[in-house]
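S.K.: Input sequences plus hints: build the corresponding full structure.
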Amino acid sequence: MTYNFTVSPDFNPNHLSGWFIFNTWLQKTLDTGIHLELYDDFDSQRRAIGDNKFDLIYANPYDASVLVRRKGFVPLVSPRDKSDEAIIAVRADSAITSVEELKAGLRISSTDDPDVNMMCMIMLEPADLTVNNTLTKQSDSYVIVAKDLIRGDSDVGFFLEETYNELSNVIRSQLRTLVHSQIQLINHVLLAGPGLAHKRDEIQGLLTDMGGCEKSKGVLDSLGFDAWDIVDQEDTEFMIDLMDTLET
Amino acid sequence: MISMNPADVVGAYEEIELQHADGAVRRVYVTDVEMAMPDGRLIVSRTDPAGNITHVNQSFMEMAGYTEEELIGVPHYILRHPDMPAVAFKGLWDTLKENKKWHGYVKNLRKDGGFYWVYATVIPNIRNGQLMGYTSVRRKPSRVKVAEAEALYKTLM
Chain A
827 MTYNFTVSPD
837 FNPNHLSGWF
847 IFNTWLQKTL
857 DTGIHLELYD
867 DFDSQRRAIG
877 DNKFDLIYAN
887 PYDASVLVRR
897 KGFVPLVSPR
907 DKSDEAIIAV
917 RADSAITSVE
927 ELKAGLRISS
937 TDDPDVNMMC
947 MIMLEPADLT
957 VNNTLTKQSD
967 SYVIVAKDLI
977 RGDSDVGFFL
987 EETYNELSNV
997 IRSQLRTLVH
1007 SQIQLINHVL
1017 LAGPGLAHKR
1027 DEIQGLLTDM
1037 GGCEKSKGVL
1047 DSLGFDAWDI
1057 VDQEDTEFMI
1067 DLMDTLET
Chain B
61 MISMNPADVV
71 GAYEEIELQH
81 ADGAVRRVYV
91 TDVEMAMPDG
101 RLIVSRTDPA
111 GNITHVNQSF
121 MEMAGYTEEE
131 LIGVPHYILR
141 HPDMPAVAFK
151 GLWDTLKENK
161 KWHGYVKNLR
171 KDGGFYWVYA
181 TVIPNIRNGQ
191 LMGYTSVRRK
201 PSRVKVAEAE
211 ALYKTLM
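Going down the list, the protein sequences come from chains A and B. Okay, so the first sequence: first residue is 827 according to this note's numbering, each after it adds one. Okay, so the second sequence: first residue is 61 according to this note's numbering, each after it adds one.
Keep in mind the hints are simulated off the structure, nothing from the lab. Source: prediction; values computed, not measured. Take the hints with a grain of salt, since some may be wrong.
Taking lysine-lysine pairs in the DSS-like style, the calculated list, with each CA pair at most 25 angstroms apart, reads [what the hints assert, rightly or not]:
(1) A/Lys897 to A/Lys929
(2) A/Lys973 to A/Lys929
(3) A/Lys1025 to A/Lys879
(4) A/Lys897 to B/Lys161
(5) B/Lys160 to A/Lys929
(6) B/Lys160 to A/Lys897
(7) A/Lys1043 to A/Lys854
M.R.: In structure tokens:
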């Protein structure tokens, strides 16, 4: 039997090959076929998820809500010390120094990453800014978001913190962090679908032992992770409740 | 339930007796010192079904001025500020009892007698059809919304 695996499209592009290396390692270790399919955007991945195409998903917190509560997925592990945080950045020479200085009509550049967009819109609330009084241009990547800012085509840009920190020095030197989230409780999680849930304990054991040998440690490194930590059902339910409170 | 201690209060204060919905009476000490909520933070807490605190995050402790040990097990109304009308909390509990999400602007009382405004959202934690408690998340509100809430609450006292 071959299982199907996908990864939230907001993965760091620098670790693209790492997910294929991880998939190969997982197949060998579990002694089963696993097909990895990656997507460039959230919409097409969600359509595939809606068709129940996947058994294993490295999900962002937003999609984890649907997968756990509506599709019967169970949590396996999360990467250690990798909470999802967001940054609102401005051009380095922008006169804006605080969120409260931003005004209606603000031009936002963002990707289609639902978690980042939600966190950043929350961070704009103190300025009474919403989707109804701002203009958003959605781009395919954070590099394009950064270029929009640098060119002056937008006033602020929404970034996943991890990706922002890995932008090239040339790009980052032309940007400035206006505000960054410190939520610390929201993170990506690897989930098993109903067809793979019977292997939950086995997969959790294998993944949390990855730091134990040189070869699997190298696989972790290729993903940019230090280790995996087991996530229990209640941890995930709590995160989903938290996400639910933020969707207002 | 922790009683407020005048020794913890910073600055000139007013002493007020608060009657809570469960019949408890608590003496609080209130100053006019406001603490602004930092950008990008969320204050998170969980309670059991009776409203007693079971979990707080670091931002909660920093904003409220209490330690985790002081907070776990005590009613969430330890943060109740006397400027908040009782009807606002009745609305909160009525909404939660229908298993619905509640949100609103809340003025909270700090251990040192100061206060801070938040935009709060509370949801019931339902597991296998059973109510296990509540999760509350508070974020930084706009000053315009705070001014509106302040004016409204004065009419409801």
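S.K.: Quickly compare the C-alpha distance for A/Lys973 and A/Lys929 to 25 angstroms and report which way the hint goes.
M.R.: Between A/Lys973 and A/Lys929 the Cα gap is close to 22 angstroms, so the pair holds against 25 angstroms.
S.K.: Does A/Lys897 sit within 25 angstroms of B/Lys160, going by the straight-line distance between their CA atoms?
M.R.: Measuring from Cα to Cα gives roughly 22 angstroms; hence the hint holds.
S.K.: A/Lys897 and B/Lys161 were given as a pair; does the straight-line alpha-carbon distance stay at or below 25 angstroms?
M.R.: Roughly 22 angstroms separates the two Cα atoms, so the pair holds.
S.K.: Compare the distance between the alpha carbons of A/Lys1043 and A/Lys854 with 25 angstroms, and conclude whether the hinted pair is satisfied.
M.R.: holds, 15 angstroms
S.K.: Are A/Lys897 and A/Lys929 close enough, with their CA atoms no more than 25 angstroms apart?
M.R.: Answer violated: A/Lys897 to A/Lys929 is near 41 angstroms, above 25 angstroms.
S.K.: Keeping to a limit of 25 angstroms between CA atoms, is the pair of A/Lys1025 and A/Lys879 held or broken?
M.R.: holds, 18 angstroms
S.K.: For the pair supplied as a hint, B/Lys160 and A/Lys929, is the alpha-carbon distance within the 25 angstroms limit?
M.R.: Not satisfied, since the Cα-Cα distance of roughly 33 angstroms exceeds 25 angstroms.
In summary, the structure is inconsistent with hints 1 and 5 from the numbered list given earlier, while agreeing with the others.
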